[in-house]
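Q: So the chains spell out like this:
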Amino acid sequence: MKQSMCSISLQELAKLLGAKLVGDPRCIISGVATLEKAERGQLSFLTNRSYRKYLAGTKASAVILSQVDVENCDVPVLISENPRLSLAKAAAFFAKTVYKAPPKGIHPSAVLGAHCTIAASATVSAHCVIGDNVSIGENVVLGAGCVVGNDCSINAGTVIQARVTMYDRIRIGQNCLIHSGAVIGADGFGFAHHEGGWVKLPHIGGVSIGNEVEIGANTTIDRGFLEDTQIGNGVIIDNLVLIGHNVVIGDRCAIAGCTAIAGSTTLGAGCMIGGGASIAGHIELADNVHITATTGVNHSLNTAGVYSSGLSAKPNHIWRRNTARFHYLDDMAKRLRALEHKVQVIARTTEEE
Amino acid sequence: MKQSMCSISLQELAKLLGAKLVGDPRCIISGVATLEKAERGQLSFLTNRSYRKYLAGTKASAVILSQVDVENCDVPVLISENPRLSLAKAAAFFAKTVYKAPPKGIHPSAVLGAHCTIAASATVSAHCVIGDNVSIGENVVLGAGCVVGNDCSINAGTVIQARVTMYDRIRIGQNCLIHSGAVIGADGFGFAHHEGGWVKLPHIGGVSIGNEVEIGANTTIDRGFLEDTQIGNGVIIDNLVLIGHNVVIGDRCAIAGCTAIAGSTTLGAGCMIGGGASIAGHIELADNVHITATTGVNHSLNTAGVYSSGLSAKPNHIWRRNTARFHYLDDMAKRLRALEHKVQVIARTTEEE
Amino acid sequence: MKQSMCSISLQELAKLLGAKLVGDPRCIISGVATLEKAERGQLSFLTNRSYRKYLAGTKASAVILSQVDVENCDVPVLISENPRLSLAKAAAFFAKTVYKAPPKGIHPSAVLGAHCTIAASATVSAHCVIGDNVSIGENVVLGAGCVVGNDCSINAGTVIQARVTMYDRIRIGQNCLIHSGAVIGADGFGFAHHEGGWVKLPHIGGVSIGNEVEIGANTTIDRGFLEDTQIGNGVIIDNLVLIGHNVVIGDRCAIAGCTAIAGSTTLGAGCMIGGGASIAGHIELADNVHITATTGVNHSLNTAGVYSSGLSAKPNHIWRRNTARFHYLDDMAKRLRALEHKVQVIARTTEEE
Numbered sequence: 003m004k005q006s007m008c009s010i011s012l013q014e015l016a017k018l019l020g021a022k023l024v025g026d027p028r029c030i031i032s033g034v035a036t037l038e039k040a041e042r043g044q045l046s047f048l049t050n051r052s053y054r055k056y057l058a059g060t061k062a063s064a065v066i067l068s069q070v071d072v073e074n075c076d077v078p079v080l081i082s083e084n085p086r087l088s089l090a091k092a093a094a095f096f097a098k099t100v101y102k103a104p105p106k107g108i109h110p111s112a113v114l115g116a117h118c119t120i121a122a123s124a125t126v127s128a129h130c131v132i133g134d135n136v137s138i139g140e141n142v143v144l145g146a147g148c149v150v151g152n153d154c155s156i157n158a159g160t161v162i163q164a165r166v167t168m169y170d171r172i173r174i175g176q177n178c179l180i181h182s183g184a185v186i187g188a189d190g191f192g193f194a195h196h197e198g199g200w201v202k203l204p205h206i207g208g209v210s211i212g213n214e215v216e217i218g219a220n221t222t223i224d225r226g227f228l229e230d231t232q233i234g235n236g237v238i239i240d241n242l243v244l245i246g247h248n249v250v251i252g253d254r255c256a257i258a259g260c261t262a263i264a265g266s267t268t269l270g271a272g273c274m275i276g277g278g279a280s281i282a283g284h285i286e287l288a289d290n291v292h293i294t295a296t297t298g299v300n301h302s303l304n305t306a307g308v309y310s311s312g313l314s315a316k317p318n319h320i321w322r323r324n325t326a327r328f329h330y331l332d333d334m335a336k337r338l339r340a341l342e343h344k345v346q347v348i349a350r351t352t353e354e355e
Numbered sequence: 003m004k005q006s007m008c009s010i011s012l013q014e015l016a017k018l019l020g021a022k023l024v025g026d027p028r029c030i031i032s033g034v035a036t037l038e039k040a041e042r043g044q045l046s047f048l049t050n051r052s053y054r055k056y057l058a059g060t061k062a063s064a065v066i067l068s069q070v071d072v073e074n075c076d077v078p079v080l081i082s083e084n085p086r087l088s089l090a091k092a093a094a095f096f097a098k099t100v101y102k103a104p105p106k107g108i109h110p111s112a113v114l115g116a117h118c119t120i121a122a123s124a125t126v127s128a129h130c131v132i133g134d135n136v137s138i139g140e141n142v143v144l145g146a147g148c149v150v151g152n153d154c155s156i157n158a159g160t161v162i163q164a165r166v167t168m169y170d171r172i173r174i175g176q177n178c179l180i181h182s183g184a185v186i187g188a189d190g191f192g193f194a195h196h197e198g199g200w201v202k203l204p205h206i207g208g209v210s211i212g213n214e215v216e217i218g219a220n221t222t223i224d225r226g227f228l229e230d231t232q233i234g235n236g237v238i239i240d241n242l243v244l245i246g247h248n249v250v251i252g253d254r255c256a257i258a259g260c261t262a263i264a265g266s267t268t269l270g271a272g273c274m275i276g277g278g279a280s281i282a283g284h285i286e287l288a289d290n291v292h293i294t295a296t297t298g299v300n301h302s303l304n305t306a307g308v309y310s311s312g313l314s315a316k317p318n319h320i321w322r323r324n325t326a327r328f329h330y331l332d333d334m335a336k337r338l339r340a341l342e343h344k345v346q347v348i349a350r351t352t353e354e355e
Numbered sequence: 003m004k005q006s007m008c009s010i011s012l013q014e015l016a017k018l019l020g021a022k023l024v025g026d027p028r029c030i031i032s033g034v035a036t037l038e039k040a041e042r043g044q045l046s047f048l049t050n051r052s053y054r055k056y057l058a059g060t061k062a063s064a065v066i067l068s069q070v071d072v073e074n075c076d077v078p079v080l081i082s083e084n085p086r087l088s089l090a091k092a093a094a095f096f097a098k099t100v101y102k103a104p105p106k107g108i109h110p111s112a113v114l115g116a117h118c119t120i121a122a123s124a125t126v127s128a129h130c131v132i133g134d135n136v137s138i139g140e141n142v143v144l145g146a147g148c149v150v151g152n153d154c155s156i157n158a159g160t161v162i163q164a165r166v167t168m169y170d171r172i173r174i175g176q177n178c179l180i181h182s183g184a185v186i187g188a189d190g191f192g193f194a195h196h197e198g199g200w201v202k203l204p205h206i207g208g209v210s211i212g213n214e215v216e217i218g219a220n221t222t223i224d225r226g227f228l229e230d231t232q233i234g235n236g237v238i239i240d241n242l243v244l245i246g247h248n249v250v251i252g253d254r255c256a257i258a259g260c261t262a263i264a265g266s267t268t269l270g271a272g273c274m275i276g277g278g279a280s281i282a283g284h285i286e287l288a289d290n291v292h293i294t295a296t297t298g299v300n301h302s303l304n305t306a307g308v309y310s311s312g313l314s315a316k317p318n319h320i321w322r323r324n325t326a327r328f329h330y331l332d333d334m335a336k337r338l339r340a341l342e343h344k345v346q347v348i349a350r351t352t353e354e355e
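From first to last, the protein sequence lines are chains A, B and C. Under the numbering used here, think of the first position of the first sequence as 3, with each following residue one higher. Under the numbering used here, think of the first position of the second sequence as 3, with each following residue one higher. Under the numbering used here, think of the first position of the third sequence as 3, with each following residue one higher.
In short, the hints are calculated from the structure, not lab data. There's no promise every hint is true.
Since the list gives no way to pick one copy over another, a pair counts as held whenever it fits inside one copy or between any two copies.
[Stated by the list, open to error] In silico BS3-like links for lysine-lysine, alpha-carbon gap of 27 Å or less: (1) LYS91 / LYS202; (2) LYS202 / LYS39; (3) LYS17 / LYS202; (4) LYS202 / LYS106; (5) LYS202 / LYS98.
The following block holds chain A by itself, in its conformation from the complex (with noise of 0.2 Å):
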């Protein structure tokens, strides 16, 4: 059995989760791991139903799960009304053995510009580079080689890892995680034809962005032409998505991994957009559009529901021969409304007779 510094009796865990237990009080319960893994002493959970097989078998001291699961479950449970959610909280509790907090303060390495405002309590890490008018609130951690243009803003208890890009006029609210490789503000991606080549339409906007967003490694979020880029409040963005400029995303939109979606393009509140989705410019998203992934979207959708395009994967001998007949679909359409309309004609010739 692993010991962790952290530990905590099932009792006052049921208090922390929210959740009903049934199971001795006393417990105590040392970590957190999958119902697979799980070793005595550690809290284990069923939130995806594509585990319950490892249920029966778990060596997990308890488990977070739903009442509809309950009875399938021989060790103490957790009973909660979002699984999920009380995972999240009891990981919380646990991460705190392996999190270390940043020394606070400006590392001598970094290079300052002009006329910034550093609150004492901020981490401004070892090779940062700072432009000038800069202001970091209270709280904030720089990682180590972050790039921060001029006239910007990070407001109280932002984290930002390790080489960020943030180029100028780029407003970052409060509590929000940016994961390295991030770059926010770079020119979106506008040019004027002219004489069979391109002229570049300066892009003088900026980006702002809400509290509690949390922006994932590599993404990309340009600035606007003449206005910003806006990230909502409560917005969650994976790894490698580009956010073109002018682009408006609503309060707690969910946007997964090598999603595009381009230029001048708003998304309402509590949209959720799978992975490896592409989203056109200058149209609109309504409020709770669902994409799921891998989906091309041309047009605005005016509806909440959700919306799908991908085709899944076929063993390459069967696709091959539908893919071959998908370039002659038009043809098969005309040559079934034909052959409906003769049919009909010796159907009418034959009942005649």
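Chains B and C: place on chain A using the hints.
A: Okay, now just chains B and C, sitting in the frame of chain A:
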């Protein structure tokens, strides 16, 4: 009304933009904004017909537009044959107030290799690391934290934003703009399959980039295996694009974000590639091939024109029915053919009777 | 003819490559080039049949090829059972002239944490930032501007190019190569939905990477939620790939660029994933599953084989007709079934008559 340090009369602006003025030539313009957001004293524009609905209500003091839209506009107009080009020029004029030129010279924290030639007018920002035998031309700007390998040359007027990596033996032309996080010259993805595993092909080639090229944030352009990967003049590449080893991109191509171009593929001049496209390796695209967003290209395209393969989003319940049928398309085609035959036989029989 | 510092006789080269020489063994070779570009004194190769057309006209002094192509070649040949492997070995021989070994030791601008163990033969380049309790093995190279978190280990012979980020608790095996901009160990995209918003699941797990792994530029590999994300031995991963939290990649898998593998998915050994593929979370791929480029995989694949779902580009006007029909495919299928029934009834009737 926002007041900017850059102001210009409509008369002068018309001259600058090559546009025909209808309205008071003495009217002073001090900024540019969208039709919806423009205030009095600002210039606006109609370059995309989906914004025509905002023309009537705009508070702008003048609008750049095409001859065809003049009659729908109640405020002074700047009539242009290429409104987007006029807009680019106008934005460039007003952008002067927001861009700060970086200080010339080499920041003391930069680390330089041996035998480098760096123009006195160039900027090498904080925490840059530059290899041996590097040549940096007049007015080149290297942003903070850039890493440049050995034997590279960056020619006059090129701006490289923060945190760009150039490996060894990369040549970048004049007046290019490379955005943060781009990686130029990593090894191509080339391996020999051997005993179930992979043996690396060492990449001896480099990357050669022409003049007036723009490369987006976190885009990667791999070095060639033996020869250089080549990007032509006037090419524009968006964020998160993958250009494989030995790819050759013709002059003035435009490649939108999240596109992948696999190794040894050649694009002719003036190609336009939509976002999220995938182009296979070892193929050729003719001049002026246009690929729409999310299209997969797996064979050469020898003729200019527009090519597509992306599917568009539909409500999930409709999509599911159709995608399920897709996997029986070949079967449907055969049944259709059989039915046509059968009906023809019946038709002949009934006619004969 | 280009003269290189590395020269070798065909006889020695044949021995080095494990190839059978037909031609003058004393002929001196001083470089390698494509059939089209090779000059006298250079070695060339035929490893892809689409380049067979250049064989007749090559100026190369010798060509690596398969037995099957010997009769079409007029110059000396090196006959190999695996020409691509022989090419890899030849390129490695000539590459020695262009690779400069970086200087050993720790650059004075690097910032090191407490309790680090760094081999004397290792290179820690300029502006690296290394956390506490980091172990760096013999001959490891850390390029400029890398950031390594706490409690990481990087084992002997591994090369990490410039500007790579490793978060805390990452383990990298021996003889790996990680390209610039890669981010190893950012938090997975795991959240609980709560009151319309998102509560973060803290990620306590790490990342464990085997030996002889290559990871491409700007690729991201997220840390596990509770356990490690795992990359097996001999795996090769291209640029801009997303590997989600708790993914397990089997030994010797190859993953091409712009592919996304969502969280908790397991790939068996020897899988090959084409570029731009999307693999859903919580699924399993058997050993030796091959996924062609741009394919979406949304369920487990339990049998080795080739799987596909990508569509290929067609001229836009043809495509538009077919894609429009696609959205009525279910309707077509039903009409086809109805027609079959109707025709059967008619056929029976006419036969009876």
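Q: Does each hint fit the structure? Answer for all of them.
A: Each hint, compared with the structure:
| no. | hint | result |
| --- | --- | --- |
| 1 | LYS91 / LYS202 | between (48 Å within a copy, 9 Å between copies) |
| 2 | LYS202 / LYS39 | between (55 Å within a copy, 22 Å between copies) |
| 3 | LYS17 / LYS202 | between (58 Å within a copy, 19 Å between copies) |
| 4 | LYS202 / LYS106 | between (42 Å within a copy, 24 Å between copies) |
| 5 | LYS202 / LYS98 | between (48 Å within a copy, 14 Å between copies) |
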